[in-house]
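Visitor: Sequence:
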Amino acid sequence: MMPPNDTAVDNAPLDGPDWGEDLFDNSAEFADNPEPRCPCVLLLDTSQSMAGEPIAALLRGLHVFREELMAVPLARKRVEVAVIAFGTEVRVVQEFVTVDRFQPPVLQAEGETPLCTAIVRALDLVEQRKERYRVNGMSYSRPWLFLITDGMPQGDSLETTRQAVQRLRAAEAARKAAFFAVGVAGANMNLLTRISVRPPLKLEGLRFSELFAWLSASTAHAAVAGGMMNEEG
1 MMPPNDTAVD NAPLDGPDWG EDLFDNSAEF ADNPEPRCPC VLLLDTSQSM AGEPIAALLR
61 GLHVFREELM AVPLARKRVE VAVIAFGTEV RVVQEFVTVD RFQPPVLQAE GETPLCTAIV
121 RALDLVEQRK ERYRVNGMSY SRPWLFLITD GMPQGDSLET TRQAVQRLRA AEAARKAAFF
181 AVGVAGANMN LLTRISVRPP LKLEGLRFSE LFAWLSASTA HAAVAGGMMN EEG
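First residue of the sequence shown: 1, per the numbering used here; consecutive thereafter.
Treat the hints as calculated values from the structure; they're not laboratory data.
The hints are all genuine.
Simulated pairs of lysine to any residue, SDA-like, Cα-Cα distance not exceeding 20 angstroms:
(1) Lys202 x Ala56
(2) Lys77 x Ala225
(3) Lys176 x Pro36
(4) Lys202 x Trp144
(5) Lys77 x Phe30
(6) Lys77 x Ala217
(7) Lys176 x Ala222
(8) Lys77 x Asp100
(9) Lys176 x Pro199
(10) Lys176 x Arg162
(11) Lys202 x Met189
(12) Lys176 x Val197
(13) Lys77 x Gln103
(14) Lys130 x Phe30
(15) Lys176 x Asn136
(16) Lys77 x Val64
(17) Lys176 x Glu127
(18) Lys130 x Asn33
(19) Lys130 x Glu35
(20) Lys176 x Ile195
(21) Lys77 x Pro34
(22) Lys77 x Glu29
(23) Lys176 x Arg121
(24) Lys77 x Gln94
(25) Lys202 x Phe180
(26) Lys77 x Glu95
(27) Lys77 x Glu67
(28) Lys130 x Val97
(29) Lys202 x Ala185
(30) Lys202 x Trp214
(31) Lys77 x Asn136
(32) Lys130 x Thr98
(33) Lys77 x Arg132
(34) Lys77 x Arg66
(35) Lys176 x Val120
(36) Lys130 x Arg76
(37) Lys130 x Trp144
Please read all numbers here as calculations on a predicted model, not as lab measurements.
Let the sequences and hints guide you as you build the complete structure.
Guide: What follows is the structure, encoded as structure tokens:
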């Protein structure tokens with residue numbers, strides 16, 4: 001009997017992506033740091049109304065957030081931060097990285113306030129990240145979505161607004177995400193109340209540094225306390 005002819009396979013061109021290389025690249029971050037993850041998405045209003053001192057104060061707050069988390073050894077390995085800015089457009093200005101690799105992005109205030117579009121994008125980003133955790137056998141806690149805005153949502157379609165509210169409520173009910181909204185002076189608190197399951201917070205003045213100090217302490221506590229599992233709990 002003649003041996004099977006594998007010539008067609010052996011001589012097949014090797015064009016296209018190197019899936020093996022891609023797989024190893026994707027898992028390297030988890031191999032280097034196998035600690036359970038505590039993902040946090042910051043949704044930041046960068047509309048025109050945030051121009052000047054508000055956006056400068058927000059950036060200072062981001063630096064406080066990083067510095068406070070860096071002071072907690074386990075938190076800097078476990079907390080992962082992603083940043084979505086919404087103004088002229090909704091942009092992921094920072095993909096998920098651990099705190100030791102996080103550098104506060106440069107933010108520019110311009111455009112409207114597509115708040116609900118940003119929420120939908122954040123929920124998508126979280127689901128993509130959780131899939132990466134599962135593929136690589138990583139434990140993780142329930143993701144936090146932390147929204148900061150100073151205005152009324154503008155630039156969202158009615159369908160996007162409806163989708164954002166429905167998906168947020170479904171994610172909260174299934175304990176797949178925890179959403180926190182913070183309104184700066186000028187924010188429509190009534191609308192934030194309708195969007196968020198838990199009552200929104202009202203920030204007095206531009207006390208972003210104090211706000212982010214509180215957020216870093218809360219996320220650090222969640223990261224260090226343990227109890228993280230693959231199933232949302």
